[in-house]
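A.B. asks: Please work from the sequences and hints to get the whole structure.
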Amino acid sequence: MPEPVPFSSLHRHRQRRDRLATALITAGGVGVLLAVLAIGIFLVTGVLPLFLSDNGPSLTALWQPQANVDGVVEYRWLPESLKGGGIPQVNLLPLVWGTLEAALWALVLAIPLALGAAAHSSLFMSPRLRHRIRPTLELMEAMPSVVLGFIAGLVLGPWVERHLAETFTVIAALPLGILLVAGLRRCLPGAIRHWLSLRWAALWLIPCLAGSVIVALWGASYWENLWFDGDLRAWIEIHLGLDVQARNALILGLAMGFAVMPGIYALAEDALSDVPKELCEGAQAMGATRWQTLTKVMLPVALPGIFSAVMIGAGRAVGETMIVLMASGNTALMSANPLDGLRSLASSIAIELPEAVMGSSHYRLLLLAALALFIFTFVVNTLAEVVRSRLRQRLVRQRSMR
Amino acid sequence: MKIPGHAAATGASRRWQGEGPWAWLSAAAVALSLLMLGALLVLLATRGLGHFWPADLHQLRLADGQRLIGVPVETRQLPDDSGYERRYFTANRDHQGGIWTWVAEDAIEQDRTPNDLIVLQRGRWGAFFGRLVAVVTETERFGGDRAWQALRQRLDHLEELRQQSESLRRDHILPLIRQMERMKEHSRLSEQLTELEQQALTLQRAMTGTVLVLETADGKRFEQPLESVLDAWHPNSMGSVEKLAHWSRGVWQFLSEGPRDANAAGGVWPAIFGTVLMVMLMSLLVTPFGVLAAVYLNEVAHQGRLTRWVRIGVRNLAGVPSIVYGVFGLGVFVYGIGGSLDRLFYADTLPSPTFGTGGLLWASLTLALLTLPVVIVATEEGLARIPLHQREGALALGATHFETLTRVVLPMATPAMLTGVILAVARAAGEVAPLMLVGVAKLAPQVPVDGEFPFLHLERKFMHLGYHIYDAAFHSNDVQAALPLVYATALLLVLVILVLNLTAIFLRHYLRLRHGVPVRR
Chain Y
265 MPEPVPFSSL HRHRQRRDRL ATALITAGGV GVLLAVLAIG IFLVTGVLPL
315 FLSDNGPSLT ALWQPQANVD GVVEYRWLPE SLKGGGIPQV NLLPLVWGTL
365 EAALWALVLA IPLALGAAAH SSLFMSPRLR HRIRPTLELM EAMPSVVLGF
415 IAGLVLGPWV ERHLAETFTV IAALPLGILL VAGLRRCLPG AIRHWLSLRW
465 AALWLIPCLA GSVIVALWGA SYWENLWFDG DLRAWIEIHL GLDVQARNAL
515 ILGLAMGFAV MPGIYALAED ALSDVPKELC EGAQAMGATR WQTLTKVMLP
565 VALPGIFSAV MIGAGRAVGE TMIVLMASGN TALMSANPLD GLRSLASSIA
615 IELPEAVMGS SHYRLLLLAA LALFIFTFVV NTLAEVVRSR LRQRLVRQRS
665 MR
Chain X
10 MKIPGHAAAT GASRRWQGEG PWAWLSAAAV ALSLLMLGAL LVLLATRGLG
60 HFWPADLHQL RLADGQRLIG VPVETRQLPD DSGYERRYFT ANRDHQGGIW
110 TWVAEDAIEQ DRTPNDLIVL QRGRWGAFFG RLVAVVTETE RFGGDRAWQA
160 LRQRLDHLEE LRQQSESLRR DHILPLIRQM ERMKEHSRLS EQLTELEQQA
210 LTLQRAMTGT VLVLETADGK RFEQPLESVL DAWHPNSMGS VEKLAHWSRG
260 VWQFLSEGPR DANAAGGVWP AIFGTVLMVM LMSLLVTPFG VLAAVYLNEV
310 AHQGRLTRWV RIGVRNLAGV PSIVYGVFGL GVFVYGIGGS LDRLFYADTL
360 PSPTFGTGGL LWASLTLALL TLPVVIVATE EGLARIPLHQ REGALALGAT
410 HFETLTRVVL PMATPAMLTG VILAVARAAG EVAPLMLVGV AKLAPQVPVD
460 GEFPFLHLER KFMHLGYHIY DAAFHSNDVQ AALPLVYATA LLLVLVILVL
510 NLTAIFLRHY LRLRHGVPVR R
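Just so you know, the sequences run in chain order Y and X. So the first sequence is numbered by the numbering used here: it starts at 265 and just counts up by one. So the second sequence is numbered by the numbering used here: it starts at 10 and just counts up by one.
No lab work stands behind these hints, which were simulated from the structure alone. None of the values given here were measured: they were computed from a predicted structure. Where a beta carbon is used, it is the ideal one built from N, C-alpha and C, also for glycine.
So, partial list: chain X residues that the calculated Cβ filter (under 7 Å) puts toward chain Y:
{"no.": "1", "residue": "GLU28"}
{"no.": "2", "residue": "ALA36"}
{"no.": "3", "residue": "LEU43"}
{"no.": "4", "residue": "LEU44"}
{"no.": "5", "residue": "ASN325"}
{"no.": "6", "residue": "GLY328"}
C.D. replies: Here it is as structure tokens:
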């Protein structure tokens, strides 16, 4: 029996509209995903002619040290040499070295800070404070890198160059100061001690930290006079033979660590919070302290998650451009001295690509640098994401089995 | 009751109340992060806003008889530890070459702040510190106490004339010139133009004629034509209310005026405008596509292995360095699409490129691509949060999939989408590296919006707050002189981004409350 006509036409109309909309959404979605793939394809097709043509720099020249005009064999990044017709001195190694060195120093600062913060907020912190800390650190992550680069390159860099001794003293004084405060707290009467609890330590330790910074600044010149004739910088340059630059890897690491730390913190805290509560409670019921619970029970379970957090942080540090551009001095050196400048892949692209002629070897070399960054970060991030989702699935499965 | 094992377990850590030093060090990690964030914000706020405060002028007499007028900026220890030296901002670039003077503290014999010192803000040569001796017009000479009154009056009058002249140029002369460029026949128009230019000349002439007689710290007198003076004040005799008024005027000028002196002075209005316009265009582009992709992934696509991999891929695109997006934008949008557009439609202006060079459109497109993962991830999170029975209910009542989507699912996911877009905007506003490749300009003479058809000029280059920071801090002739403005610009950028992020955080909080879903950490 045929359905009533008006209903049927309306129905068919709706069905058709539904199918059309679904098709459109699918097309849009697939289109977006294709656009994303296009980045990789574009970079690869842009780079390929570099290896296929004969007049560009040879493959080995990109990785092996080359002899320059004076006959000295060195790693050098001199893209101007591509134009002159002489020996092309375009070694990517100094740039890769600079990129990795910068990322390394950033992680040296960010990992202890982020993991310490994650451990503290998932174990000791009062829940009320914890719900505030997370958005605050999200704000820290949102700080524009150009501002961090400006502070590091123009404010902090020159200051550290003049006050090396103070800088090192502050670095050493921070942990010592905290341990001293923790020890002193034990000698206080119970009421104050209760008030200065570990649950709220993240807040009341701030003035203590500021205090130890001030004491360190005040006391630094004392031992600088005592051991280094009042000028640590001259001492380093003369006795250790190291160059001291205003914009160096250490400053860069500080600024980039600041930028990378909140991301690592958020993921690491997620990983720690996903550890089943029963495990921790079991451990504490057996008499373990909370810190022992963390190191012996939670860490082994959450380790893949923490690993992926660090990987994602490393990916961000490797690709960071503005901070490196503004705080590193941009000298393509292969030196392990943390007080020396460096030049990274990303900052080379930012500086040189606007001037490179489209289609030239220099242009393609910079595309190669971009491709290297793309592949590196994509592999690192995918690996981290896979590890993280595996861990999640395992935990969910364990929970459902119980 | 005592548990035997308990005492042994806590014995070692009794000194630390059961938790050990590491617990305190981990607490210090949080505290240190907060301290660094706070220090950064305080530094930006004090240096950025402090610059506009009219600081007292100090008049110094040194041991060697030299006199100078300046504002102390910083104090440093002398290299040989024999004392301290202070850096003064002494302005007067036209008279003493530089604008900074280092003075050893021991060498200062006398340090006073007399009330009659004035500051002039000038169009050329920057600021002037010194004394006003007289104001000389064509007919009269105002000396002594009347000089300051006369100067203020003349300055107000001058400001009026300046505004008239500016509006004449902007609203009448420039449109006429553009019109003449387009039309073949312009004898009538050129008559009009001559007339307008005559008017402008009359205005120009009305501005000239008055001369200030000024005295520098060392008693040298010289004449300064009034028309190049922008503002004048005498900080030492101002009360705090007056100073506050002056301060707010300074902040307002910073926000509303264009840059001067190769970005080292003046305001950032074109940069604010460019940033906002670019971000708006970008969100127009990114919102539909981001939502579409998220709806596809979450509602339409078969939830299999492939979708999971695609999801991981999208999520990780957020981790691809922004400079790589910039390279992509330059290679594909600017050189690829822009170059083809030029060959097809703008062949008569080649080889000078129209779309084949960085511009507003390409910058917005590149940043839209860059922020796409942010919108997709946030929207997907919102979609996944909507309970399945809502959809089932709609379907059971006879709605098609499309109707369920538009009437039930999307309205519920709106706050999530909004969060995503706000986060994308915050990210785009702070991103500089890709813009350096696809269209930001050090100094854009024309803003991309004007009264000329098609009103919005997508091919023009634009100024950007973040790039302004980089440029003023690294490419200006005197970094120290540009530094206060860089601080102010950085503060502005950080404030914009903080406000955007806070909005996103509150929206997300509200979203969680509304759906009654426990907060997922």
